[in-house]
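The lines below spell out each chain.
Protein chains: 2
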Amino acid sequence: MLNVMYNDDNWKFIFPILFNFVMSVIVYFLTVRLIPRIKDMFVKANLYGIDMNKKSGEKVPESLGVVTGCLFLITLFLFIPIPFTNYIFNDINFPHSEFMEFLAALLSICCMLLLGFADDVLDLRWRHKLLLPTIASLPLLMVYYINFNSTLIIVPKPLRSWFGFSVDLWIFYYLYMGMLAVFCTNAINILAGINGLEVGQSLVISISILLFNIIELSGDLWKAHQFSLYFMLPYIATSLGLLKFNWYPAEIFVGDTFCYLSGMTFAVVGIIGHFSKTMLLFFIPQIINFLYSVPQLFQFIPCPRHRLPKYNKKTDKLQISTVVFNKKDIGSLGKFIAWIFRKLNIIKWQEDDHGTVTCNNFTLINFVLIKTGPIKEPTLTLILLLIQVTSLAFLIRYPLASIFYEV
Amino acid sequence: MLNVMYNDDNWKFIFPILFNFVMSVIVYFLTVRLIPRIKDMFVKANLYGIDMNKKSGEKVPESLGVVTGCLFLITLFLFIPIPFTNYIFNDINFPHSEFMEFLAALLSICCMLLLGFADDVLDLRWRHKLLLPTIASLPLLMVYYINFNSTLIIVPKPLRSWFGFSVDLWIFYYLYMGMLAVFCTNAINILAGINGLEVGQSLVISISILLFNIIELSGDLWKAHQFSLYFMLPYIATSLGLLKFNWYPAEIFVGDTFCYLSGMTFAVVGIIGHFSKTMLLFFIPQIINFLYSVPQLFQFIPCPRHRLPKYNKKTDKLQISTVVFNKKDIGSLGKFIAWIFRKLNIIKWQEDDHGTVTCNNFTLINFVLIKTGPIKEPTLTLILLLIQVTSLAFLIRYPLASIFYEV
Numbered sequence: 383m384l385n386v387m388y389n390d391d392n393w394k395f396i397f398p399i400l401f402n403f404v405m406s407v408i409v410y411f412l413t414v415r416l417i418p419r420i421k422d423m424f425v426k427a428n429l430y431g432i433d434m435n436k437k438s439g440e441k442v443p444e445s446l447g448v449v450t451g452c453l454f455l456i457t458l459f460l461f462i463p464i465p466f467t468n469y470i471f472n473d474i475n476f477p478h479s480e481f482m483e484f485l486a487a488l489l490s491i492c493c494m495l496l497l498g499f500a501d502d503v504l505d506l507r508w509r510h511k512l513l514l515p516t517i518a519s520l521p522l523l524m525v526y527y528i529n530f531n532s533t534l535i536i537v538p539k540p541l542r543s544w545f546g547f548s549v550d551l552w553i554f555y556y557l558y559m560g561m562l563a564v565f566c567t568n569a570i571n572i573l574a575g576i577n578g579l580e581v582g583q584s585l586v587i588s589i590s591i592l593l594f595n596i597i598e599l600s601g602d603l604w605k606a607h608q609f610s611l612y613f614m615l616p617y618i619a620t621s622l623g624l625l626k627f628n629w630y631p632a633e634i635f636v637g638d639t640f641c642y643l644s645g646m647t648f649a650v651v652g653i654i655g656h657f658s659k660t661m662l663l664f665f666i667p668q669i670i671n672f673l674y675s676v677p678q679l680f681q682f683i684p685c686p687r688h689r690l691p692k693y694n695k696k697t698d699k700l701q702i703s704t705v706v707f708n709k710k711d712i713g714s715l716g717k718f719i720a721w722i723f724r725k726l727n728i729i730k731w732q733e734d735d736h737g738t739v740t741c742n743n744f745t746l747i748n749f750v751l752i753k754t755g756p757i758k759e760p761t762l763t764l765i766l767l768l769i770q771v772t773s774l775a776f777l778i779r780y781p782l783a784s785i786f787y788e789v
Numbered sequence: 383m384l385n386v387m388y389n390d391d392n393w394k395f396i397f398p399i400l401f402n403f404v405m406s407v408i409v410y411f412l413t414v415r416l417i418p419r420i421k422d423m424f425v426k427a428n429l430y431g432i433d434m435n436k437k438s439g440e441k442v443p444e445s446l447g448v449v450t451g452c453l454f455l456i457t458l459f460l461f462i463p464i465p466f467t468n469y470i471f472n473d474i475n476f477p478h479s480e481f482m483e484f485l486a487a488l489l490s491i492c493c494m495l496l497l498g499f500a501d502d503v504l505d506l507r508w509r510h511k512l513l514l515p516t517i518a519s520l521p522l523l524m525v526y527y528i529n530f531n532s533t534l535i536i537v538p539k540p541l542r543s544w545f546g547f548s549v550d551l552w553i554f555y556y557l558y559m560g561m562l563a564v565f566c567t568n569a570i571n572i573l574a575g576i577n578g579l580e581v582g583q584s585l586v587i588s589i590s591i592l593l594f595n596i597i598e599l600s601g602d603l604w605k606a607h608q609f610s611l612y613f614m615l616p617y618i619a620t621s622l623g624l625l626k627f628n629w630y631p632a633e634i635f636v637g638d639t640f641c642y643l644s645g646m647t648f649a650v651v652g653i654i655g656h657f658s659k660t661m662l663l664f665f666i667p668q669i670i671n672f673l674y675s676v677p678q679l680f681q682f683i684p685c686p687r688h689r690l691p692k693y694n695k696k697t698d699k700l701q702i703s704t705v706v707f708n709k710k711d712i713g714s715l716g717k718f719i720a721w722i723f724r725k726l727n728i729i730k731w732q733e734d735d736h737g738t739v740t741c742n743n744f745t746l747i748n749f750v751l752i753k754t755g756p757i758k759e760p761t762l763t764l765i766l767l768l769i770q771v772t773s774l775a776f777l778i779r780y781p782l783a784s785i786f787y788e789v
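Chains as they are written, first to last, in my numbering: chain Y, 383 to 789; chain V, 383 to 789.
FYI, nobody ran anything at the bench for these hints, they're computed from the structure.
Among these hints, one or two may not hold up.
The list makes no distinction among identical chains, and a pair is therefore deemed to hold if it is satisfied within one copy or across any two copies.
Calculated cross-link-like contacts (lysine-lysine; reagent style DSS-like; alpha-carbon spacing at most 30 angstroms) [as the list claims (entries may be wrong)]:
(1) K753 - K441
(2) K441 - K394
(3) K421 - K437
(4) K539 - K426
(5) K441 - K426
(6) K758 - K605
(7) K437 - K626
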């Protein structure tokens, strides 16, 4: 019925999106205006970092993501009543479940913004970083349970002879969604460390989601994608404002705050927008970076405290960073992984007669540097963003979908 | 119908309260365990203050309120499903509107926790401190609008010949509720500055609310008061844990974070619990302190940067702090206020032949010190808390209510 009502009157359907778009444009200009005025407060509060890839050694204000995060939240707080004006003024039965989705989404995002900022200020421990996003996503999962509780997934064609047409994942689907929040928040944080990369990749991901939403607006699940649009537009606007100052040479750093905020925003729209599985396809470079990092993250190969690329002052270029260890000191699993990675030609491995090994750190950034050789920082960021663009999920999903699913 | 169902089965009514109580006891012990382990992280992050009322001059970790705030939120996140288990497992029509109240309440509190922490770290400007709580309370007001939208108030008996039995305040009631959030968050922040006072007064207020809720549980609005109980129990537990370390001599400071968190929690339960007018009666000392401060806050009388009482190292006692100015420099309104305050004998005013005035700063703390003379810090805190206890709102409301309303 709702669907018909809206199709009858396209204006009611387009109006909130248009309103959101205008608010997003305004908040972009606010962001661009506010950041230069506010950034000195961060240095004064001891929130700054030294850019390791620059000669100057200046104090760069850190965790400006909290500013865009707040502007993003304020925009959405002010926007909330708009999609519901029709119900409010005409006294039609109020759609409580939709409103609940808004509240739960904002609650989870606000929690992560708080957590991210606390992490930047206090330097939280790893167990907090894994536990707290899970707790922050609880209200969201509960809303999913109340509103949909659909844990059936369609099995891809090639696997149907074993599993049947669909499988009810039951509680495991909730586990998956809870882990999605943890994954998204940390995935962006791991693929980071050069000017503009965190914001750049998040912008590519969010614009991909935006395009995906726009395409799906004509489908049956248009309402879920409209919901996602409401979040993506102001997110993109505030992040664009942030990128302006974080692009090479960075005047500000975005901090863990921004990575947490972004990750949770993506998880939220994925879960409430019913595309939490598709969402993973937008994170292909992050997944590759994570898988490539696993041997170091789990200490099969020694892992130094920082794995950023190395800056060469003379050439003003970045080159791979390495870890040095003795071959005797790594276990058999580490040796086996190293053997496979060398066969696949995805690491740079140098060994002398005494068994001393010099090897690149296992990050996507270093991998690119192996292939390109030393390059300037903005070029490196651009290459990594191009990788993100070319892996664009919906380009893969649509043509490939027919192999796996009926279209 | 709901009411009858619950009365039939008292267990379903008591169970969530009991569960919440047990969680609160656990979170108290967690708080007491966590604070000593985590407090050094705050000093390391440059979040510390020097206690002006002590000889030692040690660095005291600041804004530990963010720790209890997070524990408070986590407790409520984990508690949310409990009052709804009956609906979830028995598939009875889910009470969306009640769940929405939870989400909106948590969203507003979480926003204020973020704002408070940002204020402690970044030292926000006054306009942010007034604007942001208003925005943070928007979702709450919207939920009030959707669920109740009752803006009628019963007129007190003596005024009925003018206004009639009830008045519809319409949008002004929403303005009032929005301002309540701003008032509560700042009221506690203004009556502060000596060990244990911020947490102490908040605990007196919250325990008053708790008793009021328990009394009202037998009334018609029991559901609203049950909701308030869910928030008050873990709030009291975490704040008690905090007081253990903030009591004289304070090992930690609670920060603006705690004042903001507390203020918004009180505003939230007042608004959703339908006792936003009664709520003001719990804030009598804060209101008096605010009114007494007005001449200085609005610069009719000169206002120094800090108005804390003055510490006397020799006697280890606190005495009134003063402001010195020339009588010529204040306007006629300032002179008039000073004249009234002197007639009322509520300020200490010394004037020499040249018109140089030495006057106490207009705070409730200084007022107490005028009456008692110099006293030790913990005694001063205790006196101020006693004032808070004796002004307890529900003691006043119940006997006096019959004069103003039918009982």
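Check each numbered hint from earlier against the structure, then list the numbers of those it violates in ascending order. Hints 1, 2, 4 and 6 not satisfied by this model.
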